[in-house]
Structure formats: C-alpha cells, structure tokens
Amino acid sequence: GENVEQHPSTLSVQEGDSAVIKCTYSDSASNYFPWYKQELGKRPQLIIDIRSNVGEKKDQRIAVTLNKTAKHFSLHITETQPEDSAVYFCAASVGGSYIPTFGRGTSLIVHP
Amino acid sequence: GAVVSQHPSRVICKSGTSVKIECRSLDFQATTMFWYRQFPKQSLMLMATSNEGSKATYEQGVEKDKFLINHASLTLSTLTVTSAHPEDSSFYICSATTGGGVGEQFFGPGTRLTVL
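Protein chains in written order, with this note's numbering: chain Z, 69 to 180; chain U, 11 to 126.
Each hint should be verified, as a subset may be incorrect.
[To be verified] Lysine to aspartate or glutamate pairs mimicking DMTMM-like chemistry, simulated, CA-CA at most 20 Å apart: (1) Z:Lys125 <-> U:Glu114; (2) U:Lys51 <-> Z:Glu107; (3) U:Lys76 <-> U:Glu97; (4) U:Lys30 <-> U:Glu62; (5) U:Lys30 <-> U:Asp75; (6) Z:Lys110 <-> U:Glu62; (7) U:Lys51 <-> U:Asp98; (8) Z:Lys136 <-> Z:Glu83; (9) U:Lys51 <-> Z:Glu73; (10) U:Lys51 <-> Z:Glu151; (11) U:Lys51 <-> Z:Asp152.
[Stated by the list, open to error] DEER-style ranges, computed between Cβ atoms: (12) Z:Thr146 <-> U:Ser83: 16 to 22 Å; (13) Z:Leu114 <-> U:Pro18: 21 to 27 Å; (14) U:Ser25 <-> Z:Lys136: 47 to 53 Å.
Keep in mind that the hints were calculated from the coordinates and are not lab data. Beta carbons: idealized from backbone N, C-alpha and C, even for Gly.
Working from the sequences, and respecting the hints, build out all of it.
Structure representation (structure tokens):
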C-alpha cells in the first residue's frame, strides 16, 4: 500500500519567515495530494490540494509543489503569522479511491 | 456547503459500557464515510471505511466486533465502541466525501472519548 513520509515533525519559525514542509509517497499511481491544517482539538481542514497533472498551485500565502518523478510534494507558507501555528498533514490517494494515506504531521510554531 | 457534524463532542464513560458516536453529513449525501482515531500529537489513523447499505471495511488491526460501524443512510454513519476500556480513550473523527472521482474529504469536529 501507499506510504507517506512527512518531514519535519516540528518546525519553529519567526513571524514573517517562510515555512516548508515536505512529503514523499511510494505509490506512483497516487494522483491527489491534499494538505490539511489541524488546530488543537479541532477538525482537520483542507487548505490546499494538487492533482498529478499540475506541478504547482498557489493560493495567497500558501503554495504546493509536486514532483511526480521523485514522488515528493511540498507545502510552502510565506510571511508566516502566529495564527498559522497548527499541525499540518499531507496526504496522498490513488485515483478512483477516496482513501488518502496521511503523513505523520508537522507541528508548525510561529513565534511573534 | 459540505458540512459534517459529529455527536457527541465529548463523552466520559465507565469501563465496560458502550458508547455510540454519530456522524452526519448535513448538506450533502455521503456514499462513503470514514472513521479515524487520533492519539495526542499523532496522525490520523484510519479505522474503517463505511459505505451506505453495506458492511464497513476495517483496516488491519481494528477489531470489527469492538468498533461497530453502521451506515444506515446517505447522511448518517455511527460508530459504537463496545465494552469500552481506558485504552480506547482517544479522539475519534469521521469524514465524508461528496462523491464522484477523487476529491476532498470533509471532517467532522471529532469526539473526545475518555473511559474511566
């Protein structure tokens, strides 16, 4: 089955800096890669996603890049703010299946 | 749109009792719902996939007689933790998809279960 590795497990940055979280996947058939943000005690919420026919997608301060050949994808957050502090999960799923495999999560801490 | 509710949000029970958690899709029909378990500071662990009108598909290592899942309608799935023990204490989250191809999962707010 699919295996998703996520790094780093913890990321601490100063407000205004950029943050990058990286994930790798094992199943070359995976074609949907969502990123979720989960605040403490709350539900995960989709912040951005990318499909395998696209190499990069951007939404304001958030961007995701995908390298299908290397089987890795990354989340980029620019101009970080304290409210960006949360746990971020990457995931990968195979076309035709809704069941994503989640990474272990990255705890992002943005210091004011 | 695409709102998923979960009830209760928090439950405390005695060891040996059973607890039922409901997951509802409020504004869409969910052919498939998922149940996850999350330990503190850990990732989401998929427990089972629930399909309306059929038996749930459990992930390896998840006891189907311990965690009973029923998906009676396109908007409701229930998870019953039977004969709960302290080690069952966890955060349980459901999710649902709107259907048709690969797409976003919408998560419920989660249920914090504490077994004394």
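Evaluation of the provided hints:
The suggested pairing of Z:Lys125 with U:Glu114 holds, with an alpha-carbon distance near 16 Å, which does not exceed 20 Å. A C-alpha spacing of about 11 Å is found between U:Lys51 and Z:Glu107, which places the hinted pair at or below 20 Å, so the restraint holds. Restraint check: the Cα-Cα separation between U:Lys76 and U:Glu97 comes to about 12 Å, which is no more than 20 Å; the hinted pair holds. At roughly 18 Å between alpha-carbon atoms, U:Lys30 and U:Glu62 fall within 20 Å of each other, so this suggested pair holds.
Restraint check: the Cα-Cα separation between U:Lys30 and U:Asp75 comes to about 14 Å, which is no more than 20 Å; the hinted pair holds. With a C-alpha separation of about 26 Å, the suggested pair Z:Lys110 and U:Glu62 falls outside the 20 Å cut-off, and the hint is violated. Distance hint between U:Lys51 and U:Asp98 is fulfilled; the C-alpha atoms sit about 16 Å from each other, no more than 20 Å. Only pairs whose Cα atoms come within 20 Å are accepted, and Z:Lys136 paired with Z:Glu83 is rejected, the gap being roughly 31 Å.
The suggested pairing of U:Lys51 with Z:Glu73 holds, with an alpha-carbon distance near 16 Å, which does not exceed 20 Å. As the CA atoms of U:Lys51 and Z:Glu151 are separated by approximately 18 Å, the hinted pair is consistent with the 20 Å bound. Taking the CA atoms of U:Lys51 and Z:Asp152, the gap is about 17 Å. The hint holds against a cut of 20 Å. The supplied range of 16 to 22 Å is broken by Z:Thr146 and U:Ser83, whose beta-carbon atoms lie about 44 Å from each other.
Separation of Z:Leu114 from U:Pro18 is about 25 Å and conforms to the stated range, judged on CB atoms against 21 to 27 Å. Against the hinted window of 47 to 53 Å, the Cβ-Cβ separation of U:Ser25 and Z:Lys136 comes to about 49 Å, which satisfies the hint.
Violated hints, in rising order: 6, 8, 12; the structure is consistent with all others.
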